[in-house]
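Asker: What follows is the residue order along each chain.
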Amino acid sequence: MSDLFYIGMDLCPDFTQLSYYNDITREPESVSQLNNKETYLMPNVLFYSVDTEHWYVGSEASEARFNEKGIVVDNIFEHLAANESITVADQVYSYEDLFLMMVKLHIDSFLYRYETAEVKKLVISIPEYDAELFNLLSRLYELMEVSQDTVEITSHLDSGLYYIFNQPHEIWNNSVALYDYSNDGLNYYRIDVTRNEEPQLIQVTREDYSSVMSLSKYGTDVYQMDLDFAHLAETELKKAYISAVFLTGIGFTNKWMKRSTDVLCAGRRVFAGQNIYTKGACYRAVGGEYAEFYQDYFVNTKENVTNDIGITLGDEDDTFVPIIRGGSQWYNTSGNISVILDDTDRITIVYRDLVSKEERRETVRIHGLPQRPNKTTKLLLSVEFESPHAGAVVVKDLGFGKLFPTTNKIYRKEFTV
Amino acid sequence: MAKIILCTSKEASAPFTFLNTKVEIYTYEELCFYIYNNTILISKSMLSEKLFDWIRDEIGMEDLSQRLYSLVNKITSTQDLLIEILSAGSYYSVDEIASYAEEWASFKKLSHLEKEKKKADGYLGYRRYIKAATLYDDLIAEAGENAEPVFLGNIYHNRAIAAANNLDIKDAKTFFLQAYELNQNPESLRGYFYVIAVTEDTATLREEVRTKGLSEDYFEDILEEIENSKADVREMTIFAMLQRAAYNKMNKNLSDYDKRMDIILGDLKEDFREQTI
Chain E
11 MSDLFYIGMD
21 LCPDFTQLSY
31 YNDITREPES
41 VSQLNNKETY
51 LMPNVLFYSV
61 DTEHWYVGSE
71 ASEARFNEKG
81 IVVDNIFEHL
91 AANESITVAD
101 QVYSYEDLFL
111 MMVKLHIDSF
121 LYRYETAEVK
131 KLVISIPEYD
141 AELFNLLSRL
151 YELMEVSQDT
161 VEITSHLDSG
171 LYYIFNQPHE
181 IWNNSVALYD
191 YSNDGLNYYR
201 IDVTRNEEPQ
211 LIQVTREDYS
221 SVMSLSKYGT
231 DVYQMDLDFA
241 HLAETELKKA
251 YISAVFLTGI
261 GFTNKWMKRS
271 TDVLCAGRRV
281 FAGQNIYTKG
291 ACYRAVGGEY
301 AEFYQDYFVN
311 TKENVTNDIG
321 ITLGDEDDTF
331 VPIIRGGSQW
341 YNTSGNISVI
351 LDDTDRITIV
361 YRDLVSKEER
371 RETVRIHGLP
381 QRPNKTTKLL
391 LSVEFESPHA
401 GAVVVKDLGF
411 GKLFPTTNKI
421 YRKEFTV
Chain A
499 MAKIILCTSK
509 EASAPFTFLN
519 TKVEIYTYEE
529 LCFYIYNNTI
539 LISKSMLSEK
549 LFDWIRDEIG
559 MEDLSQRLYS
569 LVNKITSTQD
579 LLIEILSAGS
589 YYSVDEIASY
599 AEEWASFKKL
609 SHLEKEKKKA
619 DGYLGYRRYI
629 KAATLYDDLI
639 AEAGENAEPV
649 FLGNIYHNRA
659 IAAANNLDIK
669 DAKTFFLQAY
679 ELNQNPESLR
689 GYFYVIAVTE
699 DTATLREEVR
709 TKGLSEDYFE
719 DILEEIENSK
729 ADVREMTIFA
739 MLQRAAYNKM
749 NKNLSDYDKR
759 MDIILGDLKE
769 DFREQTI
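Taken in order, these protein sequences are the chains called E and A.
Counted the way my numbering counts, the first sequence spans residues 11 to 427.
Counted the way my numbering counts, the second sequence spans residues 499 to 775.
One or more hints might be untrue.
[As the list claims (entries may be wrong)] Here are the simulated DSBU-like pairs of lysine-lysine, each with C-alpha atoms no more than 30 Å apart in a straight line: (1) A/K501 with E/K406; (2) A/K508 with E/K406; (3) E/K312 with E/K249.
Keep in mind that the hints were calculated from the coordinates and are not lab data.
Make a model of the complete structure from these sequences and hints.
Answerer: Have a look at this one:
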């Protein structure tokens, strides 16, 4: 029988990190490079060896390029945006194909370490939602020859939350700070936990400091960077009672923090690491107890849907039936229900704000359907989002089996919440 | 009261087919609708393991399937089994099921001829014209001349519809006229004129209308009705295909013409075959 792995992947433009769930320690473990056990950052570079006619990825590619004849493919993310292609060994590859190949090879390079290993669930964490990247990665399951629901795509923010809320309770008993200092600059997230209200709330506030603090701005002047960060942290940390600080990103790898260390550590626990997102993604892959905080709290972030959206059945109890439940990322939120019209041609859509508790209703008339006996018009209602606050309820006429065939008519009711 | 019914059972990948009407059912709701509206066409032999297994395996209603299995040997009434099915979901309300039971009770009090007519009407509704025609012929023979005229006229009316749909034009006209003589229902006379309108020229129709002492407006109404029906036909897929075939024949594309005509004739043959089974 194969070993089944839950895998978390932190996919950044330059590097990829992997972790897998160790079911003995019951914790995610980072996957190191094959040829260098000291590092977990796998470069996003491909190498095609003319000698062996094989593709290599990551550190193996970096090594093979010096030992074998072949072609290096790097800066794949950049080329992806330009929609370019490249010829390797007389074969034309689009960068989209190469990108998916790279992601798959990263996973394979881990799986090959075991005699028989398969992916039970893979969660890929990307810095933030990007439609093209999301759509491209949504095709990965085909290349991996696994079912569609085996692969999920999420954001660093979501993975960060999974990581933090799977640490001991005392760490997130009060507010938590997360500083992400990537090549693009510094981002700050304050995570506040409210327990004395219904619903219990995890509120994430983001401050974009990338224009104030970036690695390119300081260059080698780490002294000034330390002073600026200390000042910035002092201001932010005063705004709430923060008991733990997490530092992640390439910007925190060098030992430049001196004054800022004093500021951060004053009465707080501080954790620094590069594997927060990959491990958070791994927790999400396992789900179950590791996703409990999503059940216990309403998680309010800039990318999560804040409304339950559904319909009322129009019965005596005014029963609400959800099509989608709020509380998850808009790009991972979808749902559908089938209903039958009984003595009506109208549907009442209900939007329930889970934070403010306000409810809004909209009645839509389903017009233009052929005359059918009562109760023989079946509709498929689904909800799609194009952002956390906008989307559409899509109504499709299903007819009534072969008794009354569908017209295939589709209606869209767009909404903002 | 206007409301929305939530579908909770899954859709079958393989349908359940009621063999006598060839109606294919894919969901619990369709099953309920069929039962509610076609009880007369459902015999106890149809409420068999095949249906109970389909309910369990295809639409995932295991509890209902189990209940039906346990009931089928204890009770003899078809009605009780059907009500058990109708009550298992929310497609029909308690009140609707109660009135269904009442209708069933009234049905039981009908005469043999009335029951048989309802059955024939059911087949007619599902376009089983040959089956319906046979039942109507039996009914006409059995009812004899002493039957209540309106009832017998209505049988003739439906017999005419079955004949018209089988393109038995002569019989259709005769039956519509016999129906009208007996039931004095203007719809039966109208049926007679519809058959003439689609099989004869306009002058003949006008003459027939005049002979029966009806006005020019009546004649115009018939023509308008026929035009509306023709407009409906033009919306049908088969009509579009026929037009395309004719166009291709005109342009000497005979292989395409043959292909399309084969499909059209195949569909019509299949349709006719289904009626005869």
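Asker: Each hint needs a verdict: does it hold in this structure or not?
Answerer: So, going through the hints one by one against the coordinates:
For the proposed pair A/K501 and E/K406, the alpha carbon gap of about 18 Å is at most 30 Å, so the pair holds. At most 30 Å may separate the alpha-carbon atoms for a hinted pair to count; A/K508 and E/K406 meet this at roughly 17 Å. Note on E/K312 and E/K249: the hinted pairing holds, with a Cα-Cα distance of about 19 Å set against a maximum of 30 Å.
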